[in-house]
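Full structure from sequences and hints, please.
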Amino acid sequence: MDTLATTMTAILDRLNNPAAPAAHHIPNYHIPDHQVAPAAPMAQPPPRFLPGTTEDTVVIGNNRAFTNIDRDAYFSIMRKPDITGLKYVLKLLSVIYSKEELKDFNMKGGPTAVNGGVVQKRSIADEVNFKAIWAQAEKEFAGCTVGPNGEAIRRAISNKCNKARRSLAANVQA
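Numbered per this note's numbering, the sequence shown spans residues 1 to 174.
One or more of the hints may lead you astray.
[Claimed, not checked] Listed next, the in silico BS3-like pairs over lysine-lysine satisfying Cα-Cα at most 30 Å (straight line):
| id | residue 1 | residue 2 |
| --- | --- | --- |
| 1 | K163 | K131 |
| 2 | K91 | K139 |
| 3 | K139 | K80 |
| 4 | K91 | K80 |
| 5 | K91 | K131 |
Please keep in mind that the hints were generated in silico from the structure rather than gathered at the bench.
All values reported here derive from a predicted model rather than from experimental measurement.
Here it is as structure tokens:
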């Protein structure tokens, strides 16, 4: 007990008057390396999957809209160093929907001018799989689905759907 009191007194003296010489010896304590726990590597928090996730698939979305995605495909998207909410949504669209499916959609649905005519598009926002992607994007990249970020994602989705239509039309003409 006396050693502890002496050490505490020495520490307080040094704090109150740092320029003064140390009146008491403050012992150095050394912890052997084998007793020090290694620092855990910094990692992103794990994705927030729904129940039903298996070794082969992950379940994304929320309790109102969810879908299964191949685990390897999902993690290949998430491991990209430059992944953003926008890129995440666009990549997942390509995993879940084919070009043939995407060509029939845009964000709002309704009549759309195509090659001098009008085509009726369906709203992808009404699709359960899309709602699951949207909900998971908000979990993984909080705030990405609202405000200017959300609007940028909506425009990019409509552009992706239009690009799918143009790509398929070019293949038919070739």
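Against the structure, the hints come out as follows:
{"no.": "1", "hint": "K163 <-> K131", "verdict": "holds (21 Å)"}
{"no.": "2", "hint": "K91 <-> K139", "verdict": "holds (16 Å)"}
{"no.": "3", "hint": "K139 <-> K80", "verdict": "holds (17 Å)"}
{"no.": "4", "hint": "K91 <-> K80", "verdict": "holds (11 Å)"}
{"no.": "5", "hint": "K91 <-> K131", "verdict": "holds (15 Å)"}
Of the numbered hints given earlier, the model fails none.
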